[in-house]
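Read top to bottom, the protein sequences are chains V and A. Residue numbers for the first sequence follow our numbering, so the first one is 1 and each next one is one higher. Residue numbers for the second sequence follow our numbering, so the first one is 1 and each next one is one higher.
Note that these hints are calculated values from the structure, not bench results. Beta carbons: idealized from backbone N, C-alpha and C, even for Gly. Please note that a few of the clues may not be correct.
Within a straight-line C-alpha distance of at most 30 Å, the following computed BS3-like cross-link-like pairs (lysine-lysine) qualify [as the list claims (entries may be wrong)]:
| id | chain 1 | residue 1 | chain 2 | residue 2 |
| --- | --- | --- | --- | --- |
| 1 | A | LYS35 | A | LYS136 |
| 2 | A | LYS161 | A | LYS136 |
| 3 | A | LYS136 | V | LYS238 |
| 4 | A | LYS161 | A | LYS95 |
| 5 | A | LYS95 | V | LYS61 |
| 6 | A | LYS46 | V | LYS61 |
| 7 | V | LYS149 | A | LYS35 |
Which chain A residues stay away from chain V? Per the calculated CB distances, all over 10 Å, these [unchecked claim]:
| id | residue |
| --- | --- |
| 8 | GLY32 |
| 9 | LEU62 |
| 10 | ASP90 |
| 11 | ARG121 |
| 12 | GLY150 |
Cβ pair distances, simulated, as ranges [claimed, not checked]:
| id | chain 1 | residue 1 | chain 2 | residue 2 | range |
| --- | --- | --- | --- | --- | --- |
| 13 | V | ALA182 | A | ALA40 | 35 to 45 Å |
| 14 | V | GLY79 | A | LYS59 | 22 to 32 Å |
| 15 | A | ARG160 | V | LEU176 | 40 to 50 Å |
| 16 | V | LEU174 | A | GLN153 | 31 to 41 Å |
| 17 | V | GLY181 | A | ASP31 | 47 to 57 Å |
| 18 | V | VAL42 | A | GLY146 | 27 to 37 Å |
| 19 | V | LEU190 | A | ASP31 | 31 to 41 Å |
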Amino acid sequence: MRRQIAILTLLVLPLAGAAQDRGRVTGSLESNSIYYLDDAVVGKPASSWGSNNYLKLDWSKGSFGAGLQAEYYPEPLAGYPSELKGAGLTGLYASWNGSLAEVTAGSFFEQVGSGLLLRTWEDRELGLNNTLMGGRIAFHTPNRGLSVKVFGGAPKYGLWPTANTAVAGGDLSLDLLPLFGAESEHSIVLEGSVTDRFTRNVEDNIALLAKTGGFGVPGQVLGWSGRVQYAYGGFSLKGEYVGKGPDFYTEHLPKSRETYGSRAETPRSWN
Amino acid sequence: MMKKLVVAFVLLALVTLSASAQRIPSVTLEDGSGKAVTTASLIDHKSPFVVSIWMTTCKPCLKELDTIAEEMPDWDESFPLRIYAVSMDDARSQKRAVALAQGRDWDGITALFDVNADLRRALNVSSVPQVFVYDKDGNLFYTHIGYRPGDEQELLNQVRKCAGR
């Protein structure tokens, strides 16, 4: 007999408003709430209820845009990170989007290549949002033969950007045939990216090194990726090579496992 | 504090509930070969168009696009039926989405890929499938979430209405 009853309310309101000369406002309000009853098999969560709430608003006028995202968790739903409890402004940005260039200040989502090297995204079903709070500039030629972007920022963890970690990087894409003015059904694209992650809490790292006997979070980690892509009609071939400097996982995880077994965890400052 | 935040949420929502014409957001997508396609280029100022948001893991999405593709040969209006199937698959599953779109019998449907989820965020898409009908100038005319058999007929009727038929 089913002993647990969960009540889920899902409210998603897409919102839109506009005025002739004040630009356009769009947004959404989403609320997921569950009340938990005692369950003889799985027990009862620490809190008898949970509620995840998201409000997103975007304004745009011509090439300019701005927006915010606020999140409110009086009690996060069971299974969501406890760091989410409370309220926070998880997104805030202003942007300019021209025909050849784009500038964003504030929070943004970025991905280079397949995302192996860098990927920031939001998945509310997982409670994940690692948006970067910083800035990004992107440029491309009219035929998109050359595309360049540079970016930097602090990833969000919980409800706010991390105070001790920052990521900077750049991406270059060369679509060779348009770049040299050739018209063809073939497409050959060469791309390269570089990222650099900085961790500022050196004191914490030193303490961690002492505590764990030699492994911690490096102050700086360089990563890079090279990509090649060929396409013709319905056929496409893509390849990517990703490299990364010494990092917690690449250098020290085997040792940490040896020392601590499967309980070895990544320090919070790394996330 | 908690009450104030809840009140703020509700007030902000109410302020923005004055619904009106909503243009398609300016976002850059990719086609199957990785070429950039801007949403602005979908506007031809001649005929309405449909943006259908789908994912490879979403069976109702595939069913909806299959049934739309089946209806396309019977489209007898004087303007073309322009359907853009925008995949929300991320970079890792995008290759599968490209192959799936090419492998299915989606003649007349243009598959595009929102690898960085820019359009998903701009349109506030929270679940799939979701379809949007835009008029010839890119203003939102109709939207619908989910798919049940027969919904494709309502979608096509909305396209006709949007074109003034």
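Hint check:
Among the hinted pairs, LYS35/A with LYS136/A is consistent with the structure: their alpha-carbon atoms are about 24 Å apart, no more than 30 Å. For the suggested pair LYS161/A and LYS136/A, the alpha carbons sit about 12 Å apart, so the restraint of at most 30 Å is met. About 36 Å separates the Cα atoms of LYS136/A and LYS238/V, which puts this hinted pair outside 30 Å; it is violated. For the hint pairing LYS161/A with LYS95/A, the CA-to-CA distance comes to about 36 Å; that exceeds 30 Å, so the pair is violated.
About 35 Å separates the Cα atoms of LYS95/A and LYS61/V, which puts this hinted pair outside 30 Å; it is violated. Note on LYS46/A and LYS61/V: the hinted pairing holds, with a Cα-Cα distance of about 24 Å set against a maximum of 30 Å. The suggested pairing of LYS149/V with LYS35/A holds, with an alpha-carbon distance near 17 Å, which does not exceed 30 Å. For GLY32/A, the non-interface assignment is contradicted: its Cβ lies about 7 Å from the closest Cβ of chain V, within the 10 Å cut-off.
Against chain V, the non-interface label of LEU62/A holds: every CB pair exceeds 10 Å, the least being about 19 Å. Separation of ASP90/A from chain V is inadequate, the least Cβ-Cβ distance of about 7 Å not exceeding the 10 Å criterion. Against chain V, the non-interface label of ARG121/A is violated: not every CB pair exceeds 10 Å, the least being about 7 Å. Consistency note on GLY150/A: stated as away from chain V, and its beta-carbon is indeed over 10 Å from all of that chain's, at 23 Å minimum.
Judged by the Cβ atoms, the range 35 to 45 Å given for ALA182/V and ALA40/A is violated: they are separated by roughly 25 Å. One distance hint, 22 to 32 Å for the beta-carbon pair GLY79/V and LYS59/A, holds here, with the actual separation near 25 Å. Taking 40 to 50 Å as the suggested C-beta distance range, the pair ARG160/A and LEU176/V conforms, at roughly 44 Å. The supplied range of 31 to 41 Å is broken by LEU174/V and GLN153/A, whose beta-carbon atoms lie about 46 Å from each other.
Remark: the range hint 47 to 57 Å for GLY181/V to ASP31/A is contradicted by a beta-carbon distance near 21 Å. Here the CB-CB span from VAL42/V to GLY146/A is close to 30 Å, well matched to the stated 27 to 37 Å. Checked against the hint of 31 to 41 Å, the pair LEU190/V and ASP31/A fails, with Cβ atoms roughly 19 Å apart.
Hints 3, 4, 5, 8, 10, 11, 13, 16, 17 and 19 from the list above are not met by this structure, while the remaining hints are.
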